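Protein sequence lines correspond, in order, to chains A, B and C. Residue numbers 1 to 357, in my numbering, belong to the letters of the first sequence in order. Residue numbers 1001 to 1294, in my numbering, belong to the letters of the second sequence in order. Residue numbers 2001 to 2253, in my numbering, belong to the letters of the third sequence in order.
If you are wondering where the hints come from, they were derived from the structure by calculation, not from laboratory data. Be aware that one or more of the hints could be misleading.
Quick look at which bits of chain A chain C covers, simulated, 3 or more residues with Cβ under 8 Å [stated by the list, open to error]:
hint	region
1	211 to 224
2	227 to 233
3	236 to 249
Under the rule of at most 30 Å between Cα atoms (straight-line distance), these lysine-lysine pairs were calculated in the DSBU-like manner [what the hints assert, rightly or not]:
hint	chain 1	residue 1	chain 2	residue 2
4	C	2055	A	139
5	C	2071	A	139
6	C	2070	A	143
7	A	143	C	2008
8	C	2008	C	2071
9	C	2055	A	143
10	B	1241	C	2008
11	C	2071	C	2055
12	C	2055	C	2070
13	A	143	C	2071
14	C	2055	C	2008
15	C	2008	C	2070
16	B	1142	A	143
17	B	1241	A	139
18	B	1142	B	1241
Derived Cβ-Cβ restraints for the label pairs, each shown as a range [what the hints assert, rightly or not]:
hint	chain 1	residue 1	chain 2	residue 2	range
19	A	316	C	2131	57 to 63 Å
20	B	1139	A	99	36 to 42 Å
21	B	1136	A	116	18 to 24 Å
22	B	1115	A	132	43 to 49 Å
23	C	2009	B	1091	48 to 54 Å
24	B	1115	C	2171	52 to 58 Å
25	A	316	B	1077	53 to 59 Å
26	A	316	B	1164	47 to 53 Å
27	C	2142	A	16	31 to 37 Å
28	A	22	C	2118	22 to 28 Å
29	C	2141	B	1183	24 to 30 Å
30	C	2131	A	116	57 to 63 Å
Everything numeric in this text was worked out from a predicted model, so none of it was measured. Cβ coordinates follow ideal geometry from the N, Cα and C atoms, glycine included.
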Amino acid sequence: MKFFSTRAGTWTGFAAAALVLFGLAPLVLSGFRLGLLAQFLCYAIVAVGIGLAWGRGGMLTLGQGVFFGMGAYLMAMHLKMADAEFRGGPGAVPDFMELAGIRELPGYWVPFTSPVFTIAAILLLPTGFAVLLGFAVFKRRVKGAYFAILSQALAGAFAILLIGQQTLGGFNGLSRFRYFFGFNLADPVNQQMLYFIAAGALLVVMAVALQLRRSRYGELLVAVRDGEERVRFLGYDAANIKVVAYAAAALFASIAGAIFVPVVGIISPASIGIIPSIMFILGVAIGGRASLAGPVIGALAVAWAQTALSEQFPSAWTYAQGLLFIAVIALLPGGIASVGALARRLPSKPTAVEAAA
Amino acid sequence: MDLFVGQLFTGLSTGSILLLAALGLSLTFGQMGVINMAHGEFIMAGCYTAYVTQQVVGDAGVSLLIALPIGFLVGGAMGLVLESLLLRRLYHRPLDTLLVTFGVGLVLQQVARDVFGAPAVNVTVPEPLRGGVDLLGTTVPKTRLFIMALAVVAVAAVTLVLRFTPAGRRIRAVVGNRDLAETAGVSSRRVDAGTFFIGSGLAGVAGVALTLIGSTSPTTGQSYLVDAFLVVVAGGMGRIKGAVVAAVALGTFQAVFETYSTASLAKVGVFVVIVVFLQLRPQGLFTLRTRSLA
Amino acid sequence: MSTALTCKDIRVDFDGFTAVDGVDLELDRGEVHFLIGPNGAGKTTLVDAITGLAKYTGSVVKDGEELRGKKVHHIARRGIGRTFQTATVFESLTVAQNLDIAAGAGRSPWSLLRRRKHLPENVVATMERIGLGDAAETPAGILAHGQKQWLEIGMLLVGDADVLLLDEPIAGMGHDERETTGRLLHDIAADRAVAVVEHDMDFMRAFASRVTVLHAGAVLASGSVDEVSGDPRVQEVYLGTAHEPEALDAATA
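Next up, chain A with everything else stripped away, as it sits in the complex:
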């Protein structure tokens, strides 16, 4: 493990990951399975952000579904607009609105005709919202459990708000996309392209997270996690430090949501509420909240297990999820990433747990 923290080790790690994602996976996986992997990679991108905010910064963000959902809905709106324009020319309303009897395009949909506006919105809107909310919360030193509960309440409120919006598809959400920036989504070649986009985005996001972790900022973030008050007495505004990590996590989640939509073909309130948001945490906890690769591997493993088990054994899978939460958090708070370190330290003395209090 030590090797991967050196410069050469970092390059080796990224090269190996790129080789597996871009070389091996497309070779051995069928188109269907590659599509599934692309979906899992989106969850992994969210997990990288949670690892940063929670593992390094001590902010238990139980509401990442909000930012994931924002990115997803923003992208979905553009795709629906493009489809509508393709079918009925400029000014046509998306198909689900026609079915619901909405003849007039709501004003806030109009800018999403533009791909540039859409991408800018995906990058800026959730991040800006996270910055605003972060300042409101962290400047007043709302932290720990209070923050966790607020972020969870936010996810609940956001999902309920979306269910009430008929012009966003309500309970059913947005689905049936035909084109992705002009590429036909039914074409297997384009589906593979989406997979490559997801894989590339994951590597970029991991690189950004790595830079944040290794910079002086990264050390400061850990310092805030372990002693927020102490950092203030050294002359730093701890709120600013936390906002950066929180906003980065929001940005990552938004990007993941935006890629998720063309890959999976549907986004609805059911995949962004309280439960999906807390489920993002499970993979991160299993993999190792404070490490870089841990959350990615954990998220992929949980998503894979869910797909493999939940349909055949729904009851057993729910038990497994619950028991995993209990076992990992209570017994192995450092996740799988800490197993190696644990084994090394075992002979000397019990390890100091990297727990975010």
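With chain A's structure known, arrange chains B and C on it following the hints.
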């Protein structure tokens, strides 16, 4: 005037439901720093206790009276098991208790699903509680009045226990200063277990009462949980007084907001109000001011 | 000798209980100024007030600037550093990282987002000064108790604090470590004002340039070690507490 009275009653009624769900949390979250996400499932256990009791006893009125204390014991026992098996070793990691108890909640939901099935079940409302009462020009359902009365009784009971019994004094001592209380010979371990028993028991009672106004399914408890947590956050850690005021305020706010817009916007409104409120009082309505850094 | 910090009529209330009751205090550069007094005398609360943690009335002036009402991190930026009764260092970071963070409160966002190329000179020098020159890469969590206290003091030095408020810096230290700490305090006080909250009377006698005795939130006496220990009121407080604990409780409750 009628509209106003109607909203006031709806608000008080929503508030008392919130309060019943949040009262136990206020004890366990506020006083021990433990974030028990399984609290919702303890409420759900209370609901099913009422259901099972009615299946066995038959008479709706008698079964309700029996189910209330049984619900307390069922919730309390589950809390005691949870506390002694898991939470005891996690007291210094409050955020981790949240995730662990979420896992416990998942398991309990699935147990309920396997035992009682996923579809909702209903409890028959006893004859004396059916219908409504005319109060100041509006009709108020008797079940709602019953829940309001129960919330008042529960708050009074908790307050009396905390204030006047030796066990209550010990609880308050541990809340005020855990280390000092231990030095003074209070076994904080036993007090924690006791607090958790009472707090979880209250969830069971809440569950029994909630069957009067809604059906019961494995996810029943979950739907109350986030709102209940918000009540505790807004009310301030460990302050029963705060929970009462916050529950009534949020309930009324929600009721009023709903009449002028939609239920979904009301949820968002509640969230916004709480974030704004925390700008003014980051520690909630009522706080214990001490010298400690925390 | 110049005055570094002037406190006038500091008063701190906790829900009706007055913890600090009208304290005047001057801290001079070149002095190791001890704050002593029985439990509940308001020593730590006074430090809390100066550093912006506790709300107070009155005035704290440094370099002609009023500090009351400023945020904790703004006060720290103005050169006022403190330590805590229980040593608080960042346990999962190394000694070098701890000091580097403490040295960097003025860094630009851009330099924060880059990797540290090498340790700043003052960090390296301070590491030697506090006797942790060989421990640069040691996680602070596994340092000995005394070393953590030194690291905490070092963190204030690299942060260019010129008013140091140290809360029980020798708690839990052995005899040799106390001596070392005492000499370190005098060493760093050459061009700084150092205030020490302490219970240990031997340590106070050995190293205090000036002593202020607090009792029930107010200043009871102030002066040199000899002046203060000769003061009958101080003797009464310290001796009286041994015989009449109730009297003290009544006075501080």
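Hints versus structure:
1. 211 to 224: holds (count 10)
2. 227 to 233: The restraint on the region 227 to 233 of chain A holds, since 6 of its residues have a Cβ under 8 Å from chain C and three suffice.
3. 236 to 249: holds (count 3)
4. C:2055 <-> A:139: Distance of about 17 Å is within 30 Å: holds.
5. C:2071 <-> A:139: At roughly 11 Å apart (the allowed maximum being 30 Å), residue 139 of chain A and residue 2071 of chain C satisfy the hint.
6. C:2070 <-> A:143: Since the Cα atoms of residue 2070 of chain C and residue 143 of chain A sit roughly 21 Å apart, the hinted pair holds (cutoff 30 Å).
7. A:143 <-> C:2008: With Cα atoms ~34 Å apart, residue 143 of chain A and residue 2008 of chain C exceed 30 Å; violated.
8. C:2008 <-> C:2071: holds (19 Å)
9. C:2055 <-> A:143: This hinted pair holds, its Cα atoms lying about 21 Å apart.
10. B:1241 <-> C:2008: It is violated: about 38 Å lies between the C-alpha atoms, which goes past 30 Å.
11. C:2071 <-> C:2055: holds (11 Å)
12. C:2055 <-> C:2070: holds (10 Å)
13. A:143 <-> C:2071: With a Cα-Cα distance of about 18 Å, the restraint between residue 143 of chain A and residue 2071 of chain C holds, given a limit of 30 Å.
14. C:2055 <-> C:2008: With a Cα-Cα distance of about 14 Å, the restraint between residue 2055 of chain C and residue 2008 of chain C holds, given a limit of 30 Å.
15. C:2008 <-> C:2070: Status holds; Cα separation ~16 Å.
16. B:1142 <-> A:143: violated (41 Å)
17. B:1241 <-> A:139: Holds - the C-alpha atoms of residue 139 of chain A and residue 1241 of chain B are around 27 Å apart, at most 30 Å.
18. B:1142 <-> B:1241: The given pair, whose Cα atoms are some 26 Å apart, holds under the 30 Å limit.
19. A:316 <-> C:2131: 57 to 63 Å: holds (58 Å)
20. B:1139 <-> A:99: 36 to 42 Å: holds (39 Å)
21. B:1136 <-> A:116: 18 to 24 Å: Violated: the Cβ-Cβ distance is about 59 Å, outside 18 to 24 Å.
22. B:1115 <-> A:132: 43 to 49 Å: holds (45 Å)
23. C:2009 <-> B:1091: 48 to 54 Å: violated (42 Å)
24. B:1115 <-> C:2171: 52 to 58 Å: holds (56 Å)
25. A:316 <-> B:1077: 53 to 59 Å: violated (26 Å)
26. A:316 <-> B:1164: 47 to 53 Å: holds (49 Å)
27. C:2142 <-> A:16: 31 to 37 Å: For residue 16 of chain A against residue 2142 of chain C, whose Cβ atoms are near 33 Å apart, the range 31 to 37 Å holds.
28. A:22 <-> C:2118: 22 to 28 Å: violated (36 Å)
29. C:2141 <-> B:1183: 24 to 30 Å: holds (27 Å)
30. C:2131 <-> A:116: 57 to 63 Å: holds (59 Å)
Checked against the numbered hints given earlier, the structure breaks hints 7, 10, 16, 21, 23, 25 and 28 and satisfies all the rest.
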